[in-house]
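Chemist: Protein sequence lines correspond, in order, to chains A and B.
Under full-length UniProt numbering, the first residue of the first sequence carries the number 1, and numbering increases by one thereafter.
Under full-length UniProt numbering, the first residue of the second sequence carries the number 1, and numbering increases by one thereafter.
If you're looking for bench data, these hints aren't it; they were derived computationally from the structure.
Just so we're clear, the structure is a prediction, and the values are computed from it rather than from any experiment.
Even for Gly, the Cβ is constructed at its ideal location relative to N, Cα and C.
Check before you lean on any hint, since a few could be wrong.
What follows is a set of in silico ranges between Cβ atoms, one per label pair, in the way DEER data are often shown [claimed, not checked]:
(1) Leu209(B) / Thr145(A): 52 to 62 Å
(2) Ala180(A) / Pro213(B): 16 to 26 Å
(3) Ala207(B) / Pro210(A): 24 to 34 Å
(4) Thr145(A) / Pro212(B): 47 to 57 Å
(5) Gly72(B) / Thr162(A): 13 to 23 Å
(6) Ser68(B) / Ala180(A): 18 to 28 Å
(7) Pro137(B) / Ala216(A): 28 to 38 Å
(8) Pro213(A) / Pro213(B): 42 to 52 Å
According to the in silico footprint, chain A covers these stretches of chain B (three or more CB under 8 Å from chain A) [claimed, not checked]:
(9) 43-52
(10) 77-89
(11) 115-125
(12) 159-165
(13) 189-202
(14) 206-220
Going by beta-carbon spacing under 7 Å, a handful of chain A positions derived as facing chain B [stated by the list, open to error]:
(15) Leu43
(16) Cys84
(17) Thr88
(18) Ile89
(19) Glu123
(20) Val205
(21) Ala207
Here is how the chains run, residue by residue.
Protein chains: 2
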Amino acid sequence: MPTSPHLSPTARSTLTRKPGRAETDRAELGAVLDAGLICHLALVSGDSPLCVPTGYGRDGDTLYLHGSTGSGNVRTAARGVDICVTVTILDGIVYARSLNNHSMNYRCAVVHGRSRAVTDDVERDHALRVISEHLTPGSWDYARTPDSKELAGVAVLALDLTETSVKIRGGDPSEQPADADRDDVWAGVIDVRTVLGPPRPATYVPADLPVPPHIAERPSPR
Amino acid sequence: MPTSPHLSPTARSTLTRKPGRAETDRAELGAVLDAGLICHLALVSGDSPLCVPTGYGRDGDTLYLHGSTGSGNVRTAARGVDICVTVTILDGIVYARSLNNHSMNYRCAVVHGRSRAVTDDVERDHALRVISEHLTPGSWDYARTPDSKELAGVAVLALDLTETSVKIRGGDPSEQPADADRDDVWAGVIDVRTVLGPPRPATYVPADLPVPPHIAERPSPR
Chain A
1 MPTSPHLSPT ARSTLTRKPG RAETDRAELG AVLDAGLICH LALVSGDSPL
51 CVPTGYGRDG DTLYLHGSTG SGNVRTAARG VDICVTVTIL DGIVYARSLN
101 NHSMNYRCAV VHGRSRAVTD DVERDHALRV ISEHLTPGSW DYARTPDSKE
151 LAGVAVLALD LTETSVKIRG GDPSEQPADA DRDDVWAGVI DVRTVLGPPR
201 PATYVPADLP VPPHIAERPS PR
Chain B
1 MPTSPHLSPT ARSTLTRKPG RAETDRAELG AVLDAGLICH LALVSGDSPL
51 CVPTGYGRDG DTLYLHGSTG SGNVRTAARG VDICVTVTIL DGIVYARSLN
101 NHSMNYRCAV VHGRSRAVTD DVERDHALRV ISEHLTPGSW DYARTPDSKE
151 LAGVAVLALD LTETSVKIRG GDPSEQPADA DRDDVWAGVI DVRTVLGPPR
201 PATYVPADLP VPPHIAERPS PR
């Protein structure tokens, strides 16, 4: 388990493009993973790459994922294969004076590694709580926890946060010298935010049942 | 090029999990691709999967991507390899009475296929316009178009929208019969929206330069 505050670059995790956007601080990695809501999981299925969105959770230097044992891709990942998990937060649309300098502001964490099936009951329970608390904080102690039949249908995967890269872009557009005097052309940023709406009760919930505080007061992600 | 309004499932694009969430209408595929801002591109690099966010654009049954020729992954994709492009829009966080039924509302399109490097000048120019107009509509006719040196640094890829799957979840949480009488437990949905902020000019833009309408009046995605 890495104890250095700096990420350890390998060939896979060393950025070859725009290395100035790379972040080497583990705190930065944790911040991106904690700010995202979903990840994209990539694996090789047959000879082809596959990329699907899924939930996740982080506990220290371990990323947890889960999926249905009815999914072939989940069963593949549970065999312990190379996977890539990417969390991307789009922060802005960047308008430059030249199209080539148009860009996005974003925070992105890419994690490479070999998946590990979590089979120990105690770790599985812990991992499911971590995943649940990431997407729906407060739910684990409020809603009904999984029974043995439900648990049997869930595969839990762990991925060490050892081989990772974090890339962040923020601020103004970059410009070319040729465009510096084009004061008639607007440039700037439109910020993109993920905003949570008010809780909407399911049709079958009694009208007078209050929304519990962990849902009613949930802030939008930053 | 597919002319049927229905998607053609193959082994890779046939959903094995929750097939009730599959959409087989090509219009639905187009709607998801048009509503997303970024995609995740997965490919196999060495023996390992890699998944990175990037911009894209769609013209009919062709998806276009671009990237720097300085990127090893872009050069790999430009050789014509199997790739997977996934566009995910998170629409809501679904709180059920049981943790096992917690879920997300989302729209997701997954496209499998072999990438094709776009080398013809006319198609390249068209593809770059399509990609630009997707992320920054109106910019192509407003900002400076790429010069020959800038164009030389950009690789353009095409992917046929032939082998695709679309998966959509919306509405209330699912519940188990065992939880149906738990009228003391709240369940419902928190909607997730992607909201664009007001345009913020770059520091070097004259204070009295108006924001052009294609930027000032840009609506948030739906």
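Chemist: Taking the hints in turn, state whether each one holds.
Modeler: For each hint, the structure was consulted:
1. Leu209(B) / Thr145(A): 52 to 62 Å: Since the Cβ atoms of Leu209(B) and Thr145(A) sit about 58 Å apart, the hinted range of 52 to 62 Å holds.
2. Ala180(A) / Pro213(B): 16 to 26 Å: At roughly 24 Å between Cβ atoms, Pro213(B) and Ala180(A) fall inside 16 to 26 Å, so the hint holds.
3. Ala207(B) / Pro210(A): 24 to 34 Å: 49 Å, violated
4. Thr145(A) / Pro212(B): 47 to 57 Å: Holds - the Cβ-Cβ distance for Thr145(A) and Pro212(B), about 54 Å, lies within 47 to 57 Å.
5. Gly72(B) / Thr162(A): 13 to 23 Å: 21 Å, holds
6. Ser68(B) / Ala180(A): 18 to 28 Å: 22 Å, holds
7. Pro137(B) / Ala216(A): 28 to 38 Å: 37 Å, holds
8. Pro213(A) / Pro213(B): 42 to 52 Å: 43 Å, holds
9. 43-52: The restraint on the stretch 43-52 of chain B holds, since 10 of its residues have a Cβ under 8 Å from chain A and three suffice.
10. 77-89: Contact hint for the stretch 77-89 of chain B vs chain A: holds, 6 residues under 8 Å.
11. 115-125: violated (count 0)
12. 159-165: Our answer is that it is violated, as 0 residues pass the Cβ test (under 8 Å) against chain A, missing three.
13. 189-202: holds (count 14)
14. 206-220: With 7 residues in contact (Cβ-Cβ under 8 Å with chain A), the coverage given for the stretch 206-220 of chain B holds.
15. Leu43: 5 Å, holds
16. Cys84: Hint holds; Cys84(A) Cβ to chain B Cβ min 5 Å, cut 7 Å.
17. Thr88: 4 Å, holds
18. Ile89: 10 Å, violated
19. Glu123: Violated, about 17 Å.
20. Val205: 6 Å, holds
21. Ala207: Violated, about 11 Å.
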